Structures are given as C-alpha cells and as structure tokens.
Amino acid sequence: MFGLIGHSTSFEAARRKASELGFDHIAEGDLDVWCSAPPQLVENVEVTSPTGKVITGAYIDSCFVPEMLSRFKTARRKVLNAMELAQKKGINITALGGFTSIIFENFNLLQHQHVRSTTLEWERFTTGNTHTAWVISRQVENNAPLLGIDLSKAKVAVVGATGDIGSAVCRWLANRTGVGELLLVARQQQPLLDLQQELGGGRILTLDEALPEADVVVWVASMPRTLEIDAASLRKPCLMIDGGYPKNLDAKVAGDGVHVLKGGIVEFGSDIGWSMMEIAEMEKPQRQMFACFAEAMLLEFEECHTNFSWGRNNITLEKMDFIGAASVRHGFSTLNLKSQLQAAAA
Amino acid sequence: MPTLNSPEVAAISDLDGSASQLPDFSSASYKDAYSRINAIVIEGEQEAHDNYISLGTLIPDQAEELKGLARMEMKHMKGFTACGNNLGVTADMDFARTFFAPLHGNFQQALKEGKVVTCLLIQALLIEAFAISAYHIYIPVADPFARKITEGVVKDEYTHLNYGQEWLKANFEASKDELMEANKVNLPLIRSMLEEVAKDAAVLHMEKEDLIEDFLIAYQEALNEIGFSSRDIARMAAAALAV
Chain W
17 MFGLIGHSTS
27 FEAARRKASE
37 LGFDHIAEGD
47 LDVWCSAPPQ
57 LVENVEVTSP
67 TGKVITGAYI
77 DSCFVPEMLS
87 RFKTARRKVL
97 NAMELAQKKG
107 INITALGGFT
117 SIIFENFNLL
127 QHQHVRSTTL
137 EWERFTTGNT
147 HTAWVISRQV
157 ENNAPLLGID
167 LSKAKVAVVG
177 ATGDIGSAVC
187 RWLANRTGVG
197 ELLLVARQQQ
207 PLLDLQQELG
217 GGRILTLDEA
227 LPEADVVVWV
237 ASMPRTLEID
247 AASLRKPCLM
257 IDGGYPKNLD
267 AKVAGDGVHV
277 LKGGIVEFGS
287 DIGWSMMEIA
297 EMEKPQRQMF
307 ACFAEAMLLE
317 FEECHTNFSW
327 GRNNITLEKM
337 DFIGAASVRH
347 GFSTLNLKSQ
357 LQAAAA
Chain R
2 MPTLNSPEVA
12 AISDLDGSAS
22 QLPDFSSASY
32 KDAYSRINAI
42 VIEGEQEAHD
52 NYISLGTLIP
62 DQAEELKGLA
72 RMEMKHMKGF
82 TACGNNLGVT
92 ADMDFARTFF
102 APLHGNFQQA
112 LKEGKVVTCL
122 LIQALLIEAF
132 AISAYHIYIP
142 VADPFARKIT
152 EGVVKDEYTH
162 LNYGQEWLKA
172 NFEASKDELM
182 EANKVNLPLI
192 RSMLEEVAKD
202 AAVLHMEKED
212 LIEDFLIAYQ
222 EALNEIGFSS
232 RDIARMAAAA
242 LAV
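Line by line, the protein sequences are chains W and R.
Counting from 17, one number per residue, gives the positions in the first sequence under my numbering.
Counting from 2, one number per residue, gives the positions in the second sequence under my numbering.
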C-alpha cells in the first residue's frame with residue numbers, strides 16, 4: 017500500500033473541500049479549529065499499471081494549510097501526526113507532498129522520531145524528490161526544442177541550484193543532457209562553490225544577472241511573494257519551468273515569448289478514481305499529480321519499500337535512472353507545453 | 002500566501018529551543034497551576050476506579066477484569082498524589098470535583114438506567130483518551146519524578162482504552178445509536194473541560210492546541226477501531242472542535 021500526505025493550497029480551499037465532503041462543522045470552523053483538527057485519511061484508491069500490476073493507496077490530508085506556516089509548532093505537529101497516521105495504517109511507502117517535506121526538512125523533524133507511543137520508521141517515507149528532479153529534467157529536454165531552443169547551445173539557469181531537487185537537476189543536465197552552459201543561482205555561496213566543483217563547471221550568478229542570459233530557467237526554490245521579475249529583460253523565447261511550491265510564477269511573467277510550464281507534474285495514462293487532486297488545483301485532476309506523489313506509487317509498483325528520497329543531496333544519476341524507468345514503465349508521462357498551448361488556444 | 006521564505010516564517014524557525022525548555026517547577030505560579038492540574042488527575046483516577054467497579058455491576062461476567070482495571074487506576078492515583086507531594090503542592094480537590102461534576106453526573110445517570118454503552122463511552126473512551134493525550138503532552142515537560150510515574154501510567158491507560166474498544170466493537174451494531182447519542186451529549190463536556198484547564202496547562206508548558214488535537218487523535222482511533230466510518234467519526238468529532 018502507498019500513501020500520500022497532502023494538504024489544501026489555502027485555508028479557503030480547505031474549507032470548501034471540507035464542506036463538499038460533508039464535514040460542515042469543521043468547514044465552518046476558524047483557523048484555530050483547523051489548527052487542532054487531526055489528520056484524516058480521506059480517500060482510498062486503486063491504481064493499475066500498464067504492466068497489469070494493481071496497487072492500493074490512501075490519501076491523508078494533514079489538515080495543514082499554508083496559513084499555518086507562521087505557527088511553527090502547529091506546522092510541525094501537523095506533519096508528524098499525519099506521518100504517524102500513515103504508519104499506523106500500515107502504509108509501506110508514503111510521499112510527503114506540498115509543504116510537508118519542506119517543513120520536515122527546514123524544521124529539522126528528524127529530531128522528532130517519537131510521536132506519542134509511536135516511533136516513526138523513516139524507511140516508510142519518501143520526499144519524492146528523485147522523481148520530481150527526473151521529471152523536471154525531462155521537461156527541460158522535451159520542451160526546449162518545442163520553442164526552437166537548442167539545448168546543446170542553451171544557457172540554463174537553475175534557481176535554487178544547491179537544494180535537493182536543484183542539485184539533482186544540475187547533475188542530470190550537466191551529465192546526461194549536455195546543455196550549453198549551466199547558470200547556478202542560490203542564496204548561499206559555499207554550497208554553490210561545492211556544487212560547481214562537483215559538476216566541473218557552471219557559472220555562479222545572482223538571480224538578476226542570470227535571468228536576462230537564460231534560454232531556460234528552472235525554478236526549484238519557493239519564491240518570495242515580493243519577487244519582481246522584469247519580463248521585458250528576459251530572452252525570447254524563454255522556457256520557464258516552475259518547479260517550486262507553491263506554483264505562482266505564471267501570473268508574474270507568462271506571455272510574449274515567455275512560456276511557463278508547471279514543473280514536477282506528471283500525468284497518468286488513465287483516470288484514477290480519486291477526488292483529492294482537485295485540491296491541488298490540477299488541470300486534469302483525474303490524471304495529473306505531483307511527481308513526488310507518483311514516486312510513492314512507483315516504489316509500491318516496484319515493491320521498493322525504502323525511503324528512496326531522503327535527506328539532502330543524496331540524489332544520484334543512478335537513482336534518477338531507476339525512478340525514471342519505473343515512471344515510463346508504469347504509465348506516467350511528464351507534463352509538456354503542448355497540452356498547455358492547446359488549452360490556451362481553445 | 003506565505004512561503005518558507007517569508008519574513009514571518011524566518012522569524013519563528015528558531016523557536017524550537019524554547020518549546021522544549023522545561024518550566025521552573027519551584028516557582029509559585031507553577032505550583033499554583035499544578036495544585037489544580039494535579040487534583041484533576043488524582044480525581045480523574047479516583048473516578049475511573051469507581052466507574053470501573055460500577056461497570057462491573059452492569060457486566061457481571063466481566064466484573065473480575067474490571068476490578069483489575071480499577072486496581073490499576075488506584076495505583077495511578079497514588080502515583081500522582083506522590084507527584085504533588087514531591088513538589089510540595091497541595092492538590093485542590095474541591096476544584097477537581099467541581100471540574101468533573103457534569104461528566105460524573107452523566108455517568109451516574111447512565112449507570113442508574115443500566116446504559117452500559119453510555120457508561121463505556123464516558124469512562125473507557127472519552128476519559129481514557131483525554132488522559133492518554135494529556136499524559137503524552139505532559140511527559141516531555143514534567144519534572145523528572147513525575148515523568149517516570151506518568152510514563153508508566155500511559156502504558157496502562159492504553160489497555161483501558163482497549164478494553165472499552167473491544168467490548169463496543171463486539172457489540173457495535175447494537176451500540177451504534179447509543180454511542181452517537183452519548184457522544185453528542187458528552188463530547189462537548191470534554192471540550193469545555195479542556196477549555197477550563199487550558200490556562201493552568203499552559204503554565205505547565207502544555208498547549209491547548211496540542212491537547213485538543215492529541216485527544217481527538219486518540220478518540221478517533223478508538224471510534225475507528227470500534228467500527229465507525231471515517232465520515233461518521235469526523236461528524237462525531239466535530240462536536241469537540243466547535244466551541
């Protein structure tokens with residue numbers, strides 16, 4: 017059995033969803049009520065791979081909403097309680113979706129292995145970052161040519177280059193894709209220097225320096241609300257892959273030769289009988305999902321019950337190969353511009 | 002929408018240290034709050050003892066097992082009395098009896114009417130889940146003596162929660178409607194008890210938000226085990242969330 021731990025994109029969206037599901041008392045509650053609401057296993061699903069293998073899974077809503085980010089202890093409790101519930105339900109491998117893995121990592125929840133009488137078994141959880149990194153890399157490879165960008169000559173900026181996903185994407189683009197030049201953008205200098213040394217190349221730039229030079233920009237950092245991007249200074253065409261969470265790049269820059277693609281999203285080959293991807297605001301909620309969620313499904317399909325993606329900077333090319341091959345084998349495809357362009361034309 | 006890069010988030014991410022800091026067990030304010038919390042725990046264990054003995058009269062074939070559970074509660078009561086003594090605190094038992102009075106009244110009424118299901122819901126589910134969650138939250142911020150005692154108690158309380166669960170599971174279909182009704186009447190009492198104790202609990206570094214969520218987790222787990230669907234459970238639990 018696989019598990020997905022997710023949450024609504026906003027407090028308002030969470031209330032709407034709760035009301036749809038018939039949980040009126042909770043839907044009407046204020047944020048304090050939600051802060052005390054325990055995690056819920058809201059849906060069970062069955063997924064069939066093109067190989068014929070059938071797996072079952074469960075979606076757990078942590079009852080976390082992004083408005084709780086400023087309440088550190090609440091956010092921590094939501095994540096740990098949802099993980100405890102997943103483990104108590106006997107789920108083999110659970111992906112930490114949305115802010116869940118970010119909170120886990122940034123608030124250092126590894127120190128909190130004991131939740132009440134439960135000792136969390138880390139091997140039952142995955143951040144899903146390996147699959148996300150592979151999907152984003154493939155999205156660069158598939159979509160740049162659609163815009164007439166020749167990757168072997170292109171400058172590709174990775175914003176958030178030293179993060180877990182960012183560094184894996186850099187590794188892939190440098191070693192497998194062979195891009196013209198990598199532009200490395202991140203806040204801290206030392207990890208950037210380490211990454212540059214590991215890659216044997218790449219130019220370290222500030223965001224303002226990198227953007228006007230880049231043919232492709234991969235965003236894998238959560239973006240501050242206050243960030244302003246001068247669309248006029250960007251190259252045309254420019255492919256922007258919004259791999260951060262939450263995805264809010266579109267409104268800032270899309271249009272006039274700048275193409276924004278939602279990064280780290282996959283589409284399954286057939287409809288999955290679930291309703292929970294609607295809360296993640298997917299265009300096709302019956303088929304599309306975050307690649308990190310799909311990683312839990314892939315690990316279950318492959319009976320690879322281990323914390324495949326865990327900690328920081330442990331994503332190797334070999335792991336990306338493994339999860340990428342599984343992704344293709346079990347019927348997932350990466351989200352591409354074509355479908356977005358068609359949707360816009362319609 | 003705030004992100005992890007927002008200033009309000011950056012400012013709070015170093016709070017971890019203060020959260021795990023222990024209170025000053027010897028301060029007057031701590032002892033004052035402890036006199037009520039300690040009394041609630043002692044009274045709670047005493048009530049639990051009496052309730053299990055009473056339940057034995059309604060389920061005579063299990064009276065021996067229930068006597069065993071009651072004995073454990075008596076042992077817990079003595080342990081918690083020692084915790085108060087250890088800190089030089091006199092438990093405010095009058096406060097505790099008033100605190101438990103509405104729930105006590107409902108149990109006695111159900112007992113008089115021979116309603117086993119309602120009695121079990123009040124004692125073996127609500128009170129036990131309330132105790133388990135509070136003890137879990139207390140352990141990391143307790144003084145070393147009380148911590149040891151409470152750790153031992155928690156293990157026992159799970160077996161008590163389990164007792165009620167098993168009985169109600171075996172009689173689920175026949176008990177369902179009464180459970181729903183008893184939940185509607187008694188869960189709001191637990192909620193007001195949590196509200197009443199919140200200020201004193203905060204002095205002991207136990208937060209209301211944690212208490213409510215942990216209580217609901219334990220209670221929902223029990224309802225799930227008994228046989229209720231997730232949707233029924235969410236509806237039943239909503240009575241605790243709505244103030």
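Please keep in mind that the hints were generated in silico from the structure rather than gathered at the bench.
Predicted model, so just to flag it, every value in this text is computed and none were measured.
Treat the hints with care, since some could be wrong.
Label pairs and their in silico Cβ distance ranges [what the hints assert, rightly or not]: (1) 297(W) - 103(R): 42 to 52 Å; (2) 349(W) - 25(R): 26 to 36 Å; (3) 159(R) - 291(W): 31 to 41 Å; (4) 253(W) - 196(R): 52 to 62 Å; (5) 337(W) - 196(R): 22 to 32 Å; (6) 33(R) - 36(W): 40 to 50 Å.
With a cut-off of at most 30 Å between alpha-carbon atoms, the simulated DSBU-like pairs for lysine-lysine come out as follows [to be verified]: (7) 116(R) - 177(R); (8) 116(R) - 89(W); (9) 116(R) - 33(W); (10) 105(W) - 170(R); (11) 252(W) - 263(W); (12) 185(R) - 104(W); (13) 33(W) - 68(R); (14) 149(R) - 104(W); (15) 268(W) - 33(W); (16) 170(R) - 89(W).
Glycine residues also receive a C-beta, built at the ideal position from the N, C-alpha and C atoms.
Query - Hint numbers not upheld by this structure, sorted from lowest to highest - result: 2, 5, 8, 9, 13 and 16
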